[in-house]
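K.L.:
Read off the chains here:
Number of protein chains: 2
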Amino acid sequence: MLIVKKFGGTSVADKERIYNVAARCAEEYKKGNEVVVVLSAMGKQTDILLAQARDINPNASKREIDMLLTTGEQISVALMAMALDALGIPAVSLNAFQVAMHTTSVYGNARLKRIDTDRVRNELENKRVVLVTGFQGVNKYDDYTTLGRGGSDTTAVALAAALHADACEIYTDVDGVYTADPRVVKNARKLNEITYDEMLELASLGAGVLHNRSVEMAKKYGVQLVVRSSLNNEEGTIVKEVVNMEKMLVSGVASDTNTARIAVIGLEDQPGVAFKLFNHLARHNVNVDIILQSVGRDGTKDISFTVKEDDLEEAVATLERHRGGSLKCQKIDVERDVAKVSIVGAGMMSNAGVAAKMFEALYDVGVNIKMISTSEIRVTVLINAAHLEKAVNAVHDKFLMAQ
Amino acid sequence: MLIVKKFGGTSVADKERIYNVAARCAEEYKKGNEVVVVLSAMGKQTDILLAQARDINPNASKREIDMLLTTGEQISVALMAMALDALGIPAVSLNAFQVAMHTTSVYGNARLKRIDTDRVRNELENKRVVLVTGFQGVNKYDDYTTLGRGGSDTTAVALAAALHADACEIYTDVDGVYTADPRVVKNARKLNEITYDEMLELASLGAGVLHNRSVEMAKKYGVQLVVRSSLNNEEGTIVKEVVNMEKMLVSGVASDTNTARIAVIGLEDQPGVAFKLFNHLARHNVNVDIILQSVGRDGTKDISFTVKEDDLEEAVATLERHRGGSLKCQKIDVERDVAKVSIVGAGMMSNAGVAAKMFEALYDVGVNIKMISTSEIRVTVLINAAHLEKAVNAVHDKFLMAQ
Numbered sequence: 056m057l058i059v060k061k062f063g064g065t066s067v068a069d070k071e072r073i074y075n076v077a078a079r080c081a082e083e084y085k086k087g088n089e090v091v092v093v094l095s096a097m098g099k100q101t102d103i104l105l106a107q108a109r110d111i112n113p114n115a116s117k118r119e120i121d122m123l124l125t126t127g128e129q130i131s132v133a134l135m136a137m138a139l140d141a142l143g144i145p146a147v148s149l150n151a152f153q154v155a156m157h158t159t160s161v162y163g164n165a166r167l168k169r170i171d172t173d174r175v176r177n178e179l180e181n182k183r184v185v186l187v188t189g190f191q192g193v194n195k196y197d198d199y200t201t202l203g204r205g206g207s208d209t210t211a212v213a214l215a216a217a218l219h220a221d222a223c224e225i226y227t228d229v230d231g232v233y234t235a236d237p238r239v240v241k242n243a244r245k246l247n248e249i250t251y252d253e254m255l256e257l258a259s260l261g262a263g264v265l266h267n268r269s270v271e272m273a274k275k276y277g278v279q280l281v282v283r284s285s286l287n288n289e290e291g292t293i294v295k296e297v298v299n300m301e302k303m304l305v306s307g308v309a310s311d312t313n314t315a316r317i318a319v320i321g322l323e324d325q326p327g328v329a330f331k332l333f334n335h336l337a338r339h340n341v342n343v344d345i346i347l348q349s350v351g352r353d354g355t356k357d358i359s360f361t362v363k364e365d366d367l368e369e370a371v372a373t374l375e376r377h378r379g380g381s382l383k384c385q386k387i388d389v390e391r392d393v394a395k396v397s398i399v400g401a402g403m404m405s406n407a408g409v410a411a412k413m414f415e416a417l418y419d420v421g422v423n424i425k426m427i428s429t430s431e432i433r434v435t436v437l438i439n440a441a442h443l444e445k446a447v448n449a450v451h452d453k454f455l456m457a458q
Numbered sequence: 056m057l058i059v060k061k062f063g064g065t066s067v068a069d070k071e072r073i074y075n076v077a078a079r080c081a082e083e084y085k086k087g088n089e090v091v092v093v094l095s096a097m098g099k100q101t102d103i104l105l106a107q108a109r110d111i112n113p114n115a116s117k118r119e120i121d122m123l124l125t126t127g128e129q130i131s132v133a134l135m136a137m138a139l140d141a142l143g144i145p146a147v148s149l150n151a152f153q154v155a156m157h158t159t160s161v162y163g164n165a166r167l168k169r170i171d172t173d174r175v176r177n178e179l180e181n182k183r184v185v186l187v188t189g190f191q192g193v194n195k196y197d198d199y200t201t202l203g204r205g206g207s208d209t210t211a212v213a214l215a216a217a218l219h220a221d222a223c224e225i226y227t228d229v230d231g232v233y234t235a236d237p238r239v240v241k242n243a244r245k246l247n248e249i250t251y252d253e254m255l256e257l258a259s260l261g262a263g264v265l266h267n268r269s270v271e272m273a274k275k276y277g278v279q280l281v282v283r284s285s286l287n288n289e290e291g292t293i294v295k296e297v298v299n300m301e302k303m304l305v306s307g308v309a310s311d312t313n314t315a316r317i318a319v320i321g322l323e324d325q326p327g328v329a330f331k332l333f334n335h336l337a338r339h340n341v342n343v344d345i346i347l348q349s350v351g352r353d354g355t356k357d358i359s360f361t362v363k364e365d366d367l368e369e370a371v372a373t374l375e376r377h378r379g380g381s382l383k384c385q386k387i388d389v390e391r392d393v394a395k396v397s398i399v400g401a402g403m404m405s406n407a408g409v410a411a412k413m414f415e416a417l418y419d420v421g422v423n424i425k426m427i428s429t430s431e432i433r434v435t436v437l438i439n440a441a442h443l444e445k446a447v448n449a450v451h452d453k454f455l456m457a458q
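Going down the list, the sequences are from chains S and B.
Heads up, the first sequence is in our numbering, so the first residue is 56 and it goes up one at a time.
Heads up, the second sequence is in our numbering, so the first residue is 56 and it goes up one at a time.
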């Protein structure tokens, strides 16, 4: 069996944890399996490097930031190779140049295009555990790129796909994917299986266990993922195309407080207004989530939408810049103290009344809904952030306690 | 003009010093020159990484140590590019893969074989300051190698040779090359010029200003070096083939306490004994310095030699291992408290009596000589380490005060 394992920064934060990971990999190797391990930078290393960069130049180019950050994973893989060696397991560390991981040109947020497998295969044939730097790649200019936060998951999935691995295990600091955040919802429980689509919705809603792009890639190439804890031997959660074991209407409840609402009030009611508005934002890489349009007073219209709170400043600045120019409106309102609550489940496609049941749960605990958005397998509502905990618990228990 | 500048770890140890170096490079760039800058890892970074490696695995493989250490220079060049950018100077950082710096395969002590200049030239044509990681290379297996301590000097000289640079400036924390270590000899003074050969002898004797291999390479490719301070604008010392300005008998006095004496007593007096002895040491990479052979009592012979104190343990262990086998002797003595004092000067080739004058100086201050070694432009004596300071001062003032 060829197994790709991915460990995040917390799993390699210090000597003890490095040896914990090394021991797990050694165990796998001793079973006679071929083992490829993708690692992130140790602990807070990436943040420390970023702070160093900001201290030197707050407007440092993304090209140089990537050059700086990629050292983090290289340190992790080198130290892990040394730990495995100390345990008597032959190992070799490889960075993005050595593998080689080809990406698009965009610094800071590149996409993997192609992974050469020759070097990795050679090392595996020589009976070595292969340690690969996550999160990083090389673009056509022969420059380092990074895949964006959480990119190590994507590296692992892409490697598993390229190597036709038998399994891709994503180790994290939780046991698997839960029906809700266990820190918020006391009745949350671990799922044994979940579909790619459900996981995608959960990831994009801030459930945070897996990087969105890694799930997309796993779905595309049919890489079966296992999400499990690096701290114990629990089974974890399997992410795959079709889930047979559990036929649940709703698989999980997710919440996200990294959201803010912008209301553009009193826009001219003319064709192309919405296009112009969102085009400006797209050009500044501001992703818009829920959108709601309503007819305002005196023949104008209002458009409300949510953005990540991180992007709020950029979004408002962009809109203000174009206000009076191509974007004529009366005012721009901002609301920060909001949160999203979502239910996700492949089962809801064929089942009417799921949304209504969610609204009922919220009504029961007196939570007001500000905006609603739905997809085939998801219902999301925007609520006051102060009500988040009771809302998530109420929704979770409505759907996931009864079953 | 194309100028290669090299700055060591202390010169880039913190934000302030990074900006100090950036300002110097900016100044050079603004004169209309093409600027290539070779950097070492920041401050004690290499030592910190080495300590981390030892903590994980005291016997870590050299391949993985090199993989770890090369991150140090990459951090330096990325941060320097950011600093130059902040000063309005376009800059780009390149590591050993990007340049590409081809070396021999030996990890930890590789030799540069070939430097591709395409990428560097392209970046220079695009009017960028090019920041290159010192000390590191890539071998034929596509693995990182390092050039050994002080290897950044070699990187700079090799780059200057490959690019046919007009100047190669080595910035350090001293003003230039001195007639003796100013911390030991109060009358020491800075040299304006020195020949490659003299510099080579001084470097190998622990004068420590320039890495030996960098001087060898500079001599081989005729790269004129300037050694100067990164902290002031003093002229520094020029290292070149022929020195015209100063016709000194002796250019400098060097001392080295990283030395120990091993005496192998009572060896069989047969052909091949010396060969076997030093062959064993060479196989364990122990470099031997001064060698002295004398006929002992009862038809045996004694061989004494000096090694670096760092290598002493390895040397003695090697000899003990072969004792009784291919190496028959009565005993092996070790003396640690010794030091070397040397005078170096291209002028002494054509001048008899230089050695005698040195011995006289030592006799004047009552220092006993344990061993003597000479080359065309050098005389070295081994003395008791406790007498080092007075010996160096006496020798220095004998030759270098009178002129």
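Just to be clear, a hint being listed does not mean it is correct.
Any copy will do: because identical chains look the same in the list, a pair fits if it lies in one copy or spans two.
Said to hold, decoys possible - Subject to a maximum C-alpha distance of 30 angstroms in a straight line, what follows is the list of computed DSSO-like cross-link-like pairs (lysine-lysine):
1. LYS117 <-> LYS182
2. LYS412 <-> LYS117
3. LYS445 <-> LYS275
4. LYS117 <-> LYS383
5. LYS99 <-> LYS117
6. LYS453 <-> LYS363
7. LYS425 <-> LYS182
8. LYS86 <-> LYS117
Think of the hints as simulated: they come from the structure by calculation, not from any bench.
K.L.:
Now, for every hint given, state plainly whether the structure supports it.
P.N.:
Checked hints:
| no. | hint | verdict |
| --- | --- | --- |
| 1 | LYS117 <-> LYS182 | between (38 angstroms within a copy, 19 angstroms between copies) |
| 2 | LYS412 <-> LYS117 | neither (46 angstroms within a copy, 63 angstroms between copies) |
| 3 | LYS445 <-> LYS275 | neither (37 angstroms within a copy, 77 angstroms between copies) |
| 4 | LYS117 <-> LYS383 | neither (34 angstroms within a copy, 65 angstroms between copies) |
| 5 | LYS99 <-> LYS117 | both (19 angstroms within a copy, 26 angstroms between copies) |
| 6 | LYS453 <-> LYS363 | within (28 angstroms within a copy, 76 angstroms between copies) |
| 7 | LYS425 <-> LYS182 | neither (58 angstroms within a copy, 54 angstroms between copies) |
| 8 | LYS86 <-> LYS117 | between (43 angstroms within a copy, 28 angstroms between copies) |
When the structure is compared with the earlier hints, violations turn up for hints 2, 3, 4, 7 and for no others.
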